[in-house]
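**Student:** Residues per chain, in single letters:
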Amino acid sequence: MNKLLAWLDDRTGYRGLMHEALYERIPGGARWRYVWGSSLVFCFFVQVVTGIFLWMAYSPSAQTAWESVYYIEFEMDGGSLLRGIHHYTAQLMVVLLALHLLQVVIDGAYRAPREINFWLGLVLMKIVLGLALTGYLLPWDQKGYWATQVATKIAGIVPLVGPWLQQAIVGGKEYGHHTLTRFFALHAGVLPGLLVAVLALHLALFRKHGLKAKEPLRKPETTFWPEQVLRDGVACLAVLVTVVLLSIFARAELGAPADPADSYDAARPEWYFLFLFQFLKFFHGETGELIGAIVVPGAVMLLLFLMPFIGRSQVGHWANVLFIFLVLGGAALLTGMAIYEDHHAAWTNADAATEKFADVRKMLDTIEADLRKNGGKSIYSGKSEAERIDIYAQATKSSAEQLAIDHYKYQAYRKSQDHIAANELAEGNAQRSHELAATGIPPHGALKLVHDDPKLQGPRLFAKHCASCHDHVDEEGNGIREPRPLAYVPDAENPGQQKLDPRGAPNLYGFATRKWLAGLLDPKRIAAAHEDKEKWLVADAPYFGNTTHRDGDMAGFVRDSLSELDAEGKATLEKVIAALSAEAALPAHKELDAAAAKDGTLEAGRTAIAEHAWEGGACIDCHKFHDNGDLGMAPELTGYGSRQWLIDFIGNPAHARFYEGDKNDRMPAFAADAGNPANNLLTRHELELIVDWLRGDWYRPLGD
Amino acid sequence: MSKPSNTGPANKPASTPPTKPNAGEDRRGFVAIAAGAIGAIVAAVPVLAGLRVFADPLTRTPKKKSTTDGALENGMIRVATLDAMPEIGKVYRFPVVATREDKWSRYDAHPIGTVFLRRTSAAERPVAFTSVCPHLGCSVDIKGDVYKCPCHNSTWTIEGERINPESCPSPRDLDELEVEVKGNDVFIAYKRFRGGIEEQIEE
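Just so you know, the protein sequences line up as chains A and B, in that order.
Residues in the first sequence are numbered from 1 upward in steps of one, following our numbering.
Residues in the second sequence are numbered from 1 upward in steps of one, following our numbering.
Any given hint might turn out to be false.
[Unchecked claim] With a cut-off of at most 25 Å between alpha-carbon atoms, the simulated SDA-like pairs for lysine to any residue come out as follows:
hint, chain 1, residue 1, chain 2, residue 2
1, B, K103, A, P443
2, A, K373, A, D351
3, A, K455, B, Y107
4, A, K214, B, P57
5, B, K103, A, D452
Keep in mind the hints are simulated off the structure, nothing from the lab.
With these hints in hand, go ahead and build the complete structure from the sequences.
**Tutor:** Rendered as structure tokens:
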């Protein structure tokens, strides 16, 4: 063995190299304060190793990037840990960079003859930040996609070359395949290559000049091996343990797939860029952006580069130390501000907040109601926000100053609430996209799964197309309920007068379920309506809402004929409800319907619909139900609430099968023109998504 | 950190490690061992984490066979109808269309292979051979009454037996696939086998 090593040494001189590498002199003995550089090199080593293994499973294109990362994270054995280590080491590297820089500046290690090495270090910092920025986009999820848009848009405001620069980075005017291939080549090729080259120079110069020992020297001189190596090793171990624990207990996120058509309100840069994000909030307009995003950060970088010259004198050195503390402290402060602004609503007790903002909310409600009621004649009309507060304060004899402060705080609180809600929505969407992806992703990519999912798309489409009249809220009041101002129309009976034209159509939550039908056929509830004229809102009109049907034949029938049923009548009604709900074949009622079919309830209910003579008549006197009754008077009950029935109804509610002609109260036909879909308000696909969502008909993973 | 950070030329490295008294030597030995051990651990962990993921294809247990539209419960895939092969004794060629999964992607109704089907009599179920050559996986073709592989010229009879086992590059006869007939529909259990060996082993 020794002979072999001697041979090897003779041919390569490795012993000399090892000796040089390991027996670097450390004046004053090994110290913990020297570990930052080594731990940074270790981080880079971890990133290269884990990055190459991730590379073996990553596929950079708009249809495969998210998909392959999903596969790494959720399907591959050990994938989550590997990705977690890469994800968290990147973040830790930024922290270590800041500490390394801080230590170098405090120790004055940038002074002659080490100026060039200090600059190389700053270049390395830029490269690492570049790696962080490019890596953030690669999973192609909503978070990375929208946050990186901001970064590339900033590149676009650079004077003269901005637009050109932006297009070159993005690989075109819009994000797409080439954005990913470019970012990936930068992230895995160009930047690491540069980093290796600059790092080699950095280390070479470090060796040339030797360690800048911290004065006074505490101990006798030692060598790098093994005393300092042990300390460096322990630091690296601490880094490793931290990232492994984080990876296991706080898995690296993967948001929903990037969707250019879906605004993403939760967009934020990764936390280490939050200070820049916050800083930019202080600048407005084109020039402002330029100053905040480019001039000021550029000036800070320039000052960092000038440190070796400024620090020639002792005073200069202290100025440098003060400056670095200001920069890092300022960044920390801005980061804290950004986090506080986004999340403080979550740290505030809800009751305390209600109490605190009671006056402000009362003020806002009063102003709004006054504006609505009096229009142009309102004392608040045409006034600025500050003026309105003053007017209100005068009218109520309260402190305008206090109201203005509280109003400001209230707006901030609301913004924070919105951000928290956006985060929760994003998290829900992410989880749903993972559920869907587990079924296998079509060749078009995971976005297709998201776009075809009733559970994700239904609420959006409902809010856009239906919510101006319909509610979709559960018993607790959660769901979609848009504020619906009361409208006034000319009163035909009293010319020159206006009359109230209340809006508000049925709450479609649980439509055609037994519960919903039981409410519809409940004399007390069928015509329930609620108009709050003070707030000018209409809500909570669960069945016929404020439509003409509220005073129609059906409501009259329910009120008159179903109000005093005997026990037998009640039992029959229950069977009718079961049979009618079964027409819908709702997924949620699958077992109930099957049981009802087995014990004869459905049969009895169907017979009752066709034959039972209630006080005011039989169902089929007005409705068609299978072979009984005729169309044209009231909605057909055959297949009531089923997928096809709903698609047809929404497509054209004025059709003879539903509310023929003027029986239909204001509901538009969303897809009446089957022959020419371009004329329709909703595409067939959108219509199906809304219907499937209303019916609760969407993919559920086993065990859900 | 151990190796990667310290490969630059040293600044006047001490010519020899400073000499220390005996107690110091002991401590130094301990420190060296600890430093070496920690260095080895921190270097190994990321490598092992990566290797674990790299080895994923080797340790992956196949998911439950994904259901192809119209497939039988045992996973047999419908490939043809009896009507589509009216002539007894003639070899017909049919694509196998099934759901294919490739890592994250799922392709519905995707061609995954080709089978040859031949009816030996009106009563019996057809005989099926996969078109994958048992030698090295080229696509076998039928020329008249002879199956022929274009790559290395293996030939088989219409019964799937090697015409010249001594000189045939293929180590075995054509791979037969299980067939089931339900009414007019012909189902096969599509499988892939390892190439280049005498024994028929499913991949």
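**Student:** All hints are to be evaluated individually against the structure, with a verdict given for each.
**Tutor:** Quick rundown of the hints versus the structure:
{"no.": "1", "hint": "B:K103 x A:P443", "in the structure": "holds (12 Å)"}
{"no.": "2", "hint": "A:K373 x A:D351", "in the structure": "violated (30 Å)"}
{"no.": "3", "hint": "A:K455 x B:Y107", "in the structure": "holds (23 Å)"}
{"no.": "4", "hint": "A:K214 x B:P57", "in the structure": "violated (52 Å)"}
{"no.": "5", "hint": "B:K103 x A:D452", "in the structure": "holds (21 Å)"}
Figure legend: structure checked against the earlier numbered hints; hints not met, in rising order: 2 and 4.
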